[in-house]
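Peer 1: In case you want the letters, here they are:
Number of protein chains: 2
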Amino acid sequence: MFPSRITALFNIHYPIVQGGMVWVSGAKLAAAVSEAGGLGLIGAGSMKPELLRTQIEKGRTLTTKPFGVNVPLLRGDAAELLEVCIEQKVPIVFTSAGHPGKFIDRLLGANAMVVHVVANVKQARKAHEVGCHAVVAEGFEAGGHNGVDELTTLTLVPMVVDAVPIPVIAAGGIADGRQMAAVFALGADGVQAGTRFAATVESSAHEAYKQAIVEAGDTGTTLTLRRLAPVRMLKNLFASRAMDAERQGANREQLLQLLGEKRERAGIFEGDREEGELEAGQSAGLIRDIVPAAIVVQRMISEYEAAAKKLLSPR
Amino acid sequence: MFPSRITALFNIHYPIVQGGMVWVSGAKLAAAVSEAGGLGLIGAGSMKPELLRTQIEKGRTLTTKPFGVNVPLLRGDAAELLEVCIEQKVPIVFTSAGHPGKFIDRLLGANAMVVHVVANVKQARKAHEVGCHAVVAEGFEAGGHNGVDELTTLTLVPMVVDAVPIPVIAAGGIADGRQMAAVFALGADGVQAGTRFAATVESSAHEAYKQAIVEAGDTGTTLTLRRLAPVRMLKNLFASRAMDAERQGANREQLLQLLGEKRERAGIFEGDREEGELEAGQSAGLIRDIVPAAIVVQRMISEYEAAAKKLLSPR
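Protein sequence lines, in the order shown, are assigned to chains A and B.
According to the working numbering, the first sequence is numbered sequentially starting from 1.
According to the working numbering, the second sequence is numbered sequentially starting from 1001.
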């Protein structure tokens, strides 16, 4: 057991959370991460309420350990998705992309633990004030939807740690145990990794998308669509078009038209490497293989221990 | 003595480099940092060759310890500035904003140690190939001129560490010893801090600029002027105009006109908080006081030790 406020809070072995990701983290991945001693999350962002229900039920056939659900609050049916979590007695709910105040009393009343994803200090303070049990402090390097303030994990995490007394889970750019040690040095109590778990055997993403993550180098991602909601994705034909439109001062409507529909599904689930939106973090440049989720967890812990020991020994 | 490849390379006590900054780091600041056991750098970016010469001479009256000079290679007179360094037998030259290949043989032939600032893996490999002794891996959160790839310190540093065998100095967003421990966990051999040293007693910047750094919160900076050369600065009236122009798709010429002349000098040296360009990193949100440079060095080391110890003890 790895002692931290996050392992204590969730009653898990390692303070490693697998981020909820659209088209990636169904029951299979979430259960695999929880079985390996971390905390898996079913990503409800690409699910209708009925599918979320069956995924939670499926997850319980795969592991007896706790797993959670991530609900993006910008979804029109966020309230319904949260009701499914309550009905299914999901012990831990992560909320993101919105303000948890509207829903928190209902969740706390149902004895769920609530963790909110924040991208600046004000959001962290608000999450604490309304009663969240912990926050995820997610930096600019993260894949998928991103905050508008562009604070990086290295600067955001210590600022959030200084601002709130509740446990802080660091996210954004984290794929290995050196980085886990780094954010613990900043005062984090746990890590959340997305892209690293997207490229695992149990991820429900298309193989072509997983392969694109493995092939991406250091400069393989870009943050674009800033005028809609900033999204970090792998560079491809679609990303180039979005960046060009942005440089030419495209407005919201023009970007919405360019985005069209089901772009994430096309990229991540159907594997269209050029026309799809391949959400991924800068950590893609550190990911070199597609492995079982349990290997990711084990590697991260052993790399953490090695990095932590090196800090105090002769360098 | 803090054992690291950087303290060994430069023969200094602590692996803390004070970044060269326009209008901030003259002889006084560089000497104060070197006296405190780190490595001070005179920032030649805002100096003509004659001024650089007198600043180097002045520095030698203030300390007998080694200090270096930072030369931005985009300067039209970069070759002249480097000749001043050679004439003055400056032991350590940091080059940035350009490719060191054109100048490196001349510098190495004069027995200078050369360190180049990089923002991606390709630049790091090139710096190593041409013979640099070390690299500074500088992330997106850094103040002032910034790479176009937007890699953050947390992702850039481990990628550069994996790519080159020479020592890596981490830079971008670093103001305290927790962050120093964090980047050492990533494999860095030293840190370079800019903004933190800009807000010191010995910094030659205007008091109003130092105060603006202290007052800045987590979301106090922005990266703008991406179409000229991306610059991170404190948000103010000028920054707002630059961001607005960018959103409206302003071209290079329009941005150049908006920028005008002597904008950095007006902000940093003359203290114009609204019309000046107040270059600063995201670390501004962690800086709460103006102290002597020696205090910055001492704090950073004691915070490092505390953070490193915590990583291995019960959390």
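Source of the hints: derived by calculation from the structure; they are not laboratory data.
Predicted model only: the values in this text are computed from it and were never measured.
Cβ coordinates follow ideal geometry from the N, Cα and C atoms, glycine included.
A portion of the hints provided could be inaccurate.
These stretches of chain B come out as covered by chain A in the derived footprint (C-beta under 8 Å, 3 or more residues) [as the list claims (entries may be wrong)]:
#1 1185-1193
#2 1210-1221
#3 1304-1312
Derived, one-sided and incomplete: chain B residues facing chain A with beta-carbon distance under 8 Å [said to hold, decoys possible]:
#4 1154
#5 1155
#6 1240
#7 1241
#8 1244
Pairwise CB distance ranges, derived in the manner of DEER restraints [stated by the list, open to error]:
#9 A:310 x B:1274: 42 to 48 Å
#10 B:1048 x A:299: 51 to 57 Å
#11 B:1131 x A:51: 55 to 61 Å
#12 A:310 x B:1111: 27 to 33 Å
Peer 1: Each hint should be assessed against the structure and marked as holding or not.
Peer 2: For each hint, the structure was consulted:
no.	hint	result
1	1185-1193	holds (count 4)
2	1210-1221	holds (count 3)
3	1304-1312	holds (count 6)
4	1154	holds (5 Å)
5	1155	holds (4 Å)
6	1240	violated (15 Å)
7	1241	violated (15 Å)
8	1244	violated (11 Å)
9	A:310 x B:1274: 42 to 48 Å	holds (46 Å)
10	B:1048 x A:299: 51 to 57 Å	holds (53 Å)
11	B:1131 x A:51: 55 to 61 Å	holds (58 Å)
12	A:310 x B:1111: 27 to 33 Å	holds (32 Å)
Checked against the numbered hints listed earlier, the structure breaks hints 6, 7 and 8; every other hint is satisfied.
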